[in-house]
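**Q** Sequence:
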Amino acid sequence: MFTIKKFKAFTLAEVLITIGIVGIVAALTLPTLIGNYRKSVVENKLKSTYSQLANMLQIVNTENDLSFIPEVDAKSETNGYSYDFSEAVFEKYFVQNLKIAKKLTSDTRFDVCNSEGKGCYKNPSYACYILVNGVGVCAAINSIKGNISFQVIINPQRDVLYSGRDVFGFVVPRDITNNDYSMNIKTISQASLYTSSNRENFIKSCTSEHPFPSYVGNGTTDREYFCTFLIARNNWKVPTDYPIRF
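In case it helps, our numbering puts the sequence shown at residues 1 to 246.
Treat the hints with caution; some may be incorrect.
[Said to hold, decoys possible] Pairs of lysine-lysine, BS3-like flavour, derived with a Cα cap of 27 Å:
1. Lys99 <-> Lys47
2. Lys92 <-> Lys145
3. Lys39 <-> Lys99
4. Lys47 <-> Lys92
5. Lys45 <-> Lys122
6. Lys145 <-> Lys237
7. Lys92 <-> Lys237
8. Lys92 <-> Lys118
9. Lys237 <-> Lys47
10. Lys92 <-> Lys122
11. Lys99 <-> Lys122
12. Lys204 <-> Lys237
13. Lys204 <-> Lys99
14. Lys92 <-> Lys103
15. Lys145 <-> Lys103
16. Lys122 <-> Lys47
17. Lys102 <-> Lys39
18. Lys47 <-> Lys102
19. Lys118 <-> Lys45
[Stated by the list, open to error] Computed beta-carbon distance windows for the label pairs:
20. Ala27 <-> Asn97: 43 to 53 Å
21. Pro124 <-> Ile100: 20 to 30 Å
22. Gln96 <-> Gln157: 36 to 46 Å
23. Thr11 <-> Asp159: 46 to 56 Å
24. Ala27 <-> Gly80: 44 to 54 Å
25. Asn184 <-> Gly134: 36 to 46 Å
No lab work stands behind these hints: they were computed from the structure.
C-beta atoms are modelled at their ideal positions from N, C-alpha and C, and glycine is treated no differently.
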């Protein structure tokens, strides 16, 4: 004859305890998982956008005479920067070598703050575009020196953007002798000023309340450039001492 074995069922208390344990584990691990995912998105998009911009500049170097004679009267120019000049030059030389989904209007101004939501600013000199990968790229070109300042905006759909989390940047100098551009880790942003002894100043600059901190070198520059360099120098991975959480 067959016998039916009876199994002891879980009590309500045991079920509730199990659910509670699962909830606690999820509460402890989910923020880390979400943060790691967001960090990975930033790393991948920042590196791929940097590669696109570097390839674009390489093509432009070989196909054009980059004398940058102003083709428009620069309006509201400040220290060689104006929207009109940046937009005119970028449209002529650069846009055809980028995968652009949308050009933003001239009145587009992204509100960029530090990681605590302080020290916000809007730069009026950038011509901005959305790439097909959803990343925003803004360019400001200096009509005096020809240097290009790029803003890379990982999450352009957000109302308020944070330097070093949503917004990154490169300054690409023009080689006056060869009249071209070289975009690499040794030339972008504040690379020439970096030493192991002043790393803390780079970290401090990345989170500064001042949009253009002066902790490194003699001048000032956008705080997101310092954040970008910390990641770029670490082979495009967020370093362990990076001051901003994701």
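**Q** Can you name, in rising order, the numbers of the hints this structure does not satisfy?
**A** 6, 7, 8, 13, 22 and 25
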